[in-house]
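Novice: Knowing the structure of chain A, use the given hints to seat chain B on it.
There are 2 protein chains.
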Amino acid sequence: MGEKILVIGAVAAGTKAAAKIKRENPKAQIVVVTRDEYISYAGCGLPYYIGGVIEEKKELVVKTPEDFKLLTGIDVLTKHEALKIHKEAKTVEVEDMTTGEIKEYKYDKLVIATGASPFIPPIEGRDLKGVFSVRTVNDALAIRELVDQGAVKKAVVVGGGFIGLEVAENLHEKNIEVSIVELISHILPPFDEEIALYAQNYMADKGVNIYTGEKVLSLEGKDGRVSKVITDKREIAADLVIMSVGVRPNTELAKEIGLELGPTGAIRVNEYMETSERDIYAVGDCAENMNLITGQPAWYPMGSTANKMGRVAGINIANEEKDSLKGVLGTTIVKLFKLNAGKTGLSERDARKAGFEVETALVPANDRAHYYPGYREIITKLVVDKKTHKILGAQVIGEGVVDKPMDIIATAITFGAKVEDLEKLDLAYAPPFSTAMASTILAANVLRNKLTGRVQGINPVELKNRLHEVQIVDVRDEGSFMVGTIPGAVNIPSGELYMRAHALDKHKEIVLVCKIGKNAYLSYLKLKELGFENVKILEGGTNAYPYEKE
Amino acid sequence: MGEKILVIGAVAAGTKAAAKIKRENPKAQIVVVTRDEYISYAGCGLPYYIGGVIEEKKELVVKTPEDFKLLTGIDVLTKHEALKIHKEAKTVEVEDMTTGEIKEYKYDKLVIATGASPFIPPIEGRDLKGVFSVRTVNDALAIRELVDQGAVKKAVVVGGGFIGLEVAENLHEKNIEVSIVELISHILPPFDEEIALYAQNYMADKGVNIYTGEKVLSLEGKDGRVSKVITDKREIAADLVIMSVGVRPNTELAKEIGLELGPTGAIRVNEYMETSERDIYAVGDCAENMNLITGQPAWYPMGSTANKMGRVAGINIANEEKDSLKGVLGTTIVKLFKLNAGKTGLSERDARKAGFEVETALVPANDRAHYYPGYREIITKLVVDKKTHKILGAQVIGEGVVDKPMDIIATAITFGAKVEDLEKLDLAYAPPFSTAMASTILAANVLRNKLTGRVQGINPVELKNRLHEVQIVDVRDEGSFMVGTIPGAVNIPSGELYMRAHALDKHKEIVLVCKIGKNAYLSYLKLKELGFENVKILEGGTNAYPYEKE
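Chains as they are written, first to last, in UniProt numbering: chain A, 1 to 550; chain B, 1 to 550.
Chain A on its own, in the form it takes in the complex:
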């Protein structure tokens, strides 16, 4: 007889763990229970189903319980809710939600994969019809039905995180007027301000209304259907409201039996996916991770991590051999219309908060050879530890290829790469794929120039806050200058700099501005040669400056 394994939860981590255990130990007796009616569904695909990019429901539901049984030999009981764990008796009470019958399941090993649920702030009107979160297949089905009926003219998305923005895009593409309300000062809260604002400008240009630094106070309805969103600054008409202010780990079952939770509120597990209780494992969105950079607990509820956790737990449950997941970087990526934005490791803000002395670079570059058709610009922000030169994090944004540099940098960070290592990577080059000096290498070059004092830079966020303290010199040609420059800038094209530099005040800080930073760097060297000491370049140039231009 094989061991009895009970798995609670059947989206990514639960089914992965179950399948892996069965493959490792065909004799294991495995039951998976889930209160949902769908299993193995593509949670990350839900926004695209709403917009019809993913046409059919069946594409969203990766496997039915029947498919899963056929493939793995494992029974998944849907609409079965685990009510209570009895850790001494090693049983779980499970209710068949269809019949109301309650059964006791024995286990030798238990896997908790209860996932996470959307947090809905306790505001008035949250129970009105037309108010949704986007977490389950049923959420997506219901929203899509409303949209396809033409019942939605105006939608409000509460929360400017990934899911909210993806839903906003998909609704906008359905000719719905979409407004996003975000509590903090920019959308994409995990990103640094200059990157987030770049995305925000882009979304606004596409016609999405964005209200940041604004709090939703209540929802108003008419005949039981939502009709209005009331914020601390305005009222917004809405016949659909998407609540996406975040998710919380489902830890009720775990808490009841006293499993340790971590500081993030998710179930604490070690690198083997073991909880504080022998023979109980936790995987997926209900469980905590370790941040590889800070060594601190972190919680990144993501499908990619859930799959890894499920596999590791599966191996450890079925074998003497131990597999481990030491930690993650919180790598994420989002597509917003044609814009791509990704982040791995720590933001500048989080790195400073974690106590690092940081240096950063903000570097626009083409994703492919500029002479090869279809190339696009991307902007790379690198964050490094000033003392060790170790890469702490990166954010990349642009219409070009962003997932590749993200993955390169995430891989490098995993191995403790320094800026100097990043510069020397032997990346794949041919004109259809890259530039000879890949964007990541270029960004590392710039960052090392800063670290070694070859150039001083000023970040757009800082420049915006100090606009009136500095002399801003736009070194582009007059035509570009006329189209739009940093407020207060004067124009001295780089070619005229030797001749006209004497007009500048040597005792006042000078900020040189060009399109992407390169020309400003060359001009910087000229001014240095001329004896100017207090000079900086605007990092990322006008292209990466996300504030008002004049």
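Hints were generated in silico from the structure; no laboratory data involved.
Being a predicted model, the structure only gives us computed values, none of them experimental.
What you were told as hints is all true, and nothing was included just to trick you.
Any copy will do: because identical chains look the same in the list, a pair fits if it lies in one copy or spans two.
In the BS3-like style, the derived pairs of lysine-lysine whose C-alpha atoms are separated by at most 27 Å in a straight line are:
{"hint": "1", "residue 1": "Lys322", "residue 2": "Lys518"}
{"hint": "2", "residue 1": "Lys387", "residue 2": "Lys326"}
{"hint": "3", "residue 1": "Lys58", "residue 2": "Lys515"}
{"hint": "4", "residue 1": "Lys326", "residue 2": "Lys390"}
Specialist: Below, chain B without anything else, positioned relative to chain A:
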């Protein structure tokens, strides 16, 4: 007064070194000489100019000498040939090819960046009109002119390497009948057979004639123009012949003054780009590299590496501080119609040759979520050291995104990653970019299953050679089986395996076959459970089997 720097060569490495020196030390007096009339041109873009993908010549020539002067303040003398280095006097004799005048240039430091030239085998007819190599802008201009005139109906490309294949594609897209003749048994010589043949089948399907294992003996002409290629097996009519059997480093100047060459025939340099002679540096295609995996000298004449070498030399020449390039992986990538093929590190063949005991995996996977429109398959081949589990190399091929996994793996190899590390990478996931388990992670999972004895695999190359020694069982459904399977296979769909396995001979090796390997793996576990011991799965399934099917 600044140091006098002379740079010989002005494509990628030479101009990069010169520009970097000037930025580091504005007082440096730098002269760049080149016998070419173009500088900084996009050598890798030449095939695409021939086909018109790159429309204008000016897109190909990244910078004119005037641009370069304006940007850097450095003089580049085109059509100036360096004739002789006098290392004791520290001078170089340079001929102005326009006037015939010879001048002596003094240097404090010399940078040799003489590049590489096509090797043209000494066969009869090589000097006929219509016979070209593709190395310089003038080559590309001349070929494009012929093509645009409609003067080319049939072209023969001699050599199945990257440039040859890219030119073949571009000519084919111009409705020219193209034949490729390759000496070894498959195109893409650096790749392992099963990957190379996959590309070869793809090119053949597109309508390119491919003759492998065939030697070109001579070219025949009519009125001084090429008309026929004579191989050891056939005659091929041709009004255009592209010779692309490889390039050789230009080392004449270096040899004359006794600079050490490495075993690859290129100029030996250390990690600082210093040659065996004080104050003489060599960079770019004329210089040797170190292979990071083997620690042995290697020669990879590539633009991406040339730029890095130029930068390193520039920093070292201008500063006390030393920068270094420890080595490279020989990462390469090519687009062939819609197929992409990349390679990094060692092939299986080279790894064995270098003395490693290797394990490999061949794993097809989707590049993006299967429910997200536009996903494509790619096949990953991983090569690892069986003892240490360190990744030695990878090849990825398919219509999907190949450059990203290449760069992930190249980065991982750089840091000595093991299979287990690759499995745990926190890569960017969202449906438009990746699958939750990225293809690279999946390939690492499969490889670890092999390393730990969870599954035994057989590579298509080996199966093809042992077709008649094994029982081949295709576990797909009957419909798929009928469309095409491995010669000699019988069909037992996986669902019927428990019932029908008794018909198999337990004492004869069984090879299980499915579409990509996953179903075969699950069937493998079933057969193991049933007591079969001598079982293997066909790695990569029918999708990656590049030989005849029936």
